[in-house]
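Let the sequences and hints guide you as you build the complete structure.
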Amino acid sequence: MTEDAPPIEVRGLVKRYGELTAVAGVDLTVRAGDVYGYLGPNGAGKTTSLRMMLGLITPTAGTIRLFGKDPTQSVHALAGVAGFVEAPTFYPYLTARRNLQMMAAFDGGDARDRVIDALETVELTGRADDRVGGYSHGMRQRLGIAAALLRDPKLLLLDEPATGLDPAGMRDMRLLIRRLADQGMTVLLSSHLMNEVEELCNRVAIVRSGRIVYEGEISALKRGASTAYRLETTDDDRALAVCRAQAGIVDVKREAGHITFSADEAAVAPLSQALVESGALIRAMAPQTVTLEDLFFSFTEGDAVQEPAATADAAVTTTQVAH
Amino acid sequence: MPGVATVYRWELFKLRHQKRTYLGLGIAILVPILFVLAVHLRRHHERGGGFAFSDYVDKSGLAIPLVVLLFGAIWLFPLIAALVAGDIFASEDHNGTLKTILTRSLERWQLFVGKTLVAASYAVFAILLCGTVAVIAGSLQSGFNPLQSLSGTIVSAPKALALVYVSLLLYLIPIAAIVCIGLLLSSVTRNSAAAVVGTLMVSLLFQLIGILPGLGGLQPYLLSTQFNAWQGLLRTPIDWSPIIQAVWVCAIYAAAAIGTAFLVFIRRDVAGG
Chain A
1 MTEDAPPIEV
11 RGLVKRYGEL
21 TAVAGVDLTV
31 RAGDVYGYLG
41 PNGAGKTTSL
51 RMMLGLITPT
61 AGTIRLFGKD
71 PTQSVHALAG
81 VAGFVEAPTF
91 YPYLTARRNL
101 QMMAAFDGGD
111 ARDRVIDALE
121 TVELTGRADD
131 RVGGYSHGMR
141 QRLGIAAALL
151 RDPKLLLLDE
161 PATGLDPAGM
171 RDMRLLIRRL
181 ADQGMTVLLS
191 SHLMNEVEEL
201 CNRVAIVRSG
211 RIVYEGEISA
221 LKRGASTAYR
231 LETTDDDRAL
241 AVCRAQAGIV
251 DVKREAGHIT
261 FSADEAAVAP
271 LSQALVESGA
281 LIRAMAPQTV
291 TLEDLFFSFT
301 EGDAVQEPAA
311 TADAAVTTTQ
321 VAH
Chain B
1001 MPGVATVYRW
1011 ELFKLRHQKR
1021 TYLGLGIAIL
1031 VPILFVLAVH
1041 LRRHHERGGG
1051 FAFSDYVDKS
1061 GLAIPLVVLL
1071 FGAIWLFPLI
1081 AALVAGDIFA
1091 SEDHNGTLKT
1101 ILTRSLERWQ
1111 LFVGKTLVAA
1121 SYAVFAILLC
1131 GTVAVIAGSL
1141 QSGFNPLQSL
1151 SGTIVSAPKA
1161 LALVYVSLLL
1171 YLIPIAAIVC
1181 IGLLLSSVTR
1191 NSAAAVVGTL
1201 MVSLLFQLIG
1211 ILPGLGGLQP
1221 YLLSTQFNAW
1231 QGLLRTPIDW
1241 SPIIQAVWVC
1251 AIYAAAAIGT
1261 AFLVFIRRDV
1271 AGG
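Going down the list, the protein sequences come from chains A and B. The first sequence begins at 1 in my numbering and counts up by one. The second sequence begins at 1001 in my numbering and counts up by one.
No lab work stands behind these hints: they were computed from the structure. You may find that some hints are simply not true.
As the list claims (entries may be wrong) - For the chain B half of the interface with chain A, some residues (derived, Cβ under 7 Å), not all of them:
| id | residue |
| --- | --- |
| 1 | Val1004 |
| 2 | Ala1005 |
| 3 | Trp1010 |
| 4 | His1017 |
| 5 | Arg1020 |
| 6 | Thr1021 |
| 7 | His1094 |
| 8 | Thr1097 |
| 9 | Thr1100 |
| 10 | Arg1104 |
| 11 | Leu1106 |
| 12 | Glu1107 |
| 13 | Asp1269 |
| 14 | Val1270 |
| 15 | Ala1271 |
Stated by the list, open to error - Capping the alpha-carbon separation at 35 Å, the derived lysine-lysine pairs in DSBU-like fashion look like this:
| id | chain 1 | residue 1 | chain 2 | residue 2 |
| --- | --- | --- | --- | --- |
| 16 | A | Lys69 | A | Lys253 |
| 17 | B | Lys1014 | A | Lys69 |
| 18 | A | Lys253 | A | Lys154 |
| 19 | A | Lys154 | B | Lys1014 |
Just so you know, even glycine gets a beta-carbon here, dropped at the ideal spot from N, CA and C.
Given below as structure tokens:
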């Protein structure tokens, strides 16, 4: 592991299968301590990117460095790195314990001493001696985490870890990832579950058609998006005119029984006063919270953003398309 | 650090927990027993009738393993060898576990070598098991008697026993080539059934080419011909030429197959599973 090298540094990553470009020039940097969401719709190239990061697929072009080492050259670059792509898989005719013992043997070092702890962490101790062939999807997902923990990773790459789980399973998975992150593990979480990413991650990359269309802090992304408000008054005609005349109030629209507009927080108080002074009394005025899902759709649907390389610094400008 | 020995140990462990392992070993045990049973029934009901080598098997039980070797070349031993060799890479694709083991601390070549050694070990074990069962069952049926060589000389029972085991070892030369073809098909097709059946088909194809008229010139270079090399041991004096021929012909088949399998496995993208 190279000192001070970021856990993941990807530059110009491309993967082509004949005419099809699965990944079209991905750049991303995951910093130590990040819980990094890698978001994109199905077929956007998330899993292919992760497979390349884990050395399973050879990139057509570009570079990958995990703690400064190239995983496409040697498996030694995966020292301190663990995870799974798509559903974790095991030998169905062996028990969970035997599967983990085999993984530990293939890891070497003191991994075999961690088998029992890993099973306890994912709460599978009671079923450890059952064949994996009889496991539910959720149990296999948890066993996948256990197999990753055997490597005592500093970086965890998880591809859709909650997909296919029931609500309780999803909650447990989120808690588990949160706990691991709190212990100092850097996590790259590929997902299309917005609430999962919003709850767990501090930074995200949004990928569309094999390209990154946003990379940066979630908070910056949301901050950059203008906040939408919903307004109900005693006189919507008058209120509409006041809103349109008021500085800092944009995108004013009249809809059935209410008005919507976008504004910075600082512009809202003067608007309240202006409405009252005009005689249009406020029945209700509430911010319509911008969710990561709203922003995600703004990046991944339609023609809103097609060019890559929106960075954290550029978040404010690129996210103007959110509304 | 883990290495080839680690892979070999765990692949053997996995083999012990798969049904196909016991299917192959069961065939290896059952075929010589059934053969001896057939000899026994023939002796009681069809005295006077016979098949090739029937005189040999009546006089000495040590002829039984040699007759099994003779007839097993067509499908029996290629099938047993292919059951594991054809499955050992393809089953990782079937279970989706290739991505699991390739993201641990083992290089791909270490996994390849470990798996190859296990497939070869299985073939060795199955053939020695089959030969040993044939020796025991044959001796119980026809006695642990001296054996008549193919040149007509009589070989003492202990020496004949040694010749049987050396013959089994020589038989492993073409079997090694079959194992390599199985490994190649396993890594290329990524489908266990296709690889097992394909290996058997390749073996049968060689047999077919060997009997086609006008292709006699190819005979010395066919893999199927090399399954008879051990018969050189049963001549007086020993005829080494088919044995030497088998070594280099099989080495070419094996090297071409295993080299291609290695390149395919090392370079492939693991995009499924």
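Each hint, compared with the structure:
1. Val1004: Not OK, violated: Val1004(B) not within 7 Å of chain A, min 12 Å.
2. Ala1005: 10 Å, violated
3. Trp1010: Status holds, d = 5 Å.
4. His1017: Result: holds, 5 Å to nearest chain A Cβ.
5. Arg1020: Since the shortest Cβ distance to chain A is 11 Å, the answer is violated.
6. Thr1021: 11 Å, violated
7. His1094: 10 Å, violated
8. Thr1097: Nearest chain A Cβ about 5 Å off; hint holds.
9. Thr1100: 5 Å, holds
10. Arg1104: 4 Å, holds
11. Leu1106: Since the shortest Cβ distance to chain A is 5 Å, the answer is holds.
12. Glu1107: It holds, given that the least Cβ distance between Glu1107(B) and chain A is near 5 Å, below 7 Å.
13. Asp1269: 4 Å, holds
14. Val1270: 4 Å, holds
15. Ala1271: At 6 Å from the nearest chain A Cβ, Ala1271(B) passes the 7 Å test, so the hint holds.
16. Lys69(A) to Lys253(A): 53 Å, violated
17. Lys1014(B) to Lys69(A): Within the cut-off at roughly 32 Å; holds.
18. Lys253(A) to Lys154(A): 50 Å, violated
19. Lys154(A) to Lys1014(B): 30 Å, holds
Violated hints for the displayed structure, listed by number in ascending order: 1, 2, 5, 6, 7, 16, 18.
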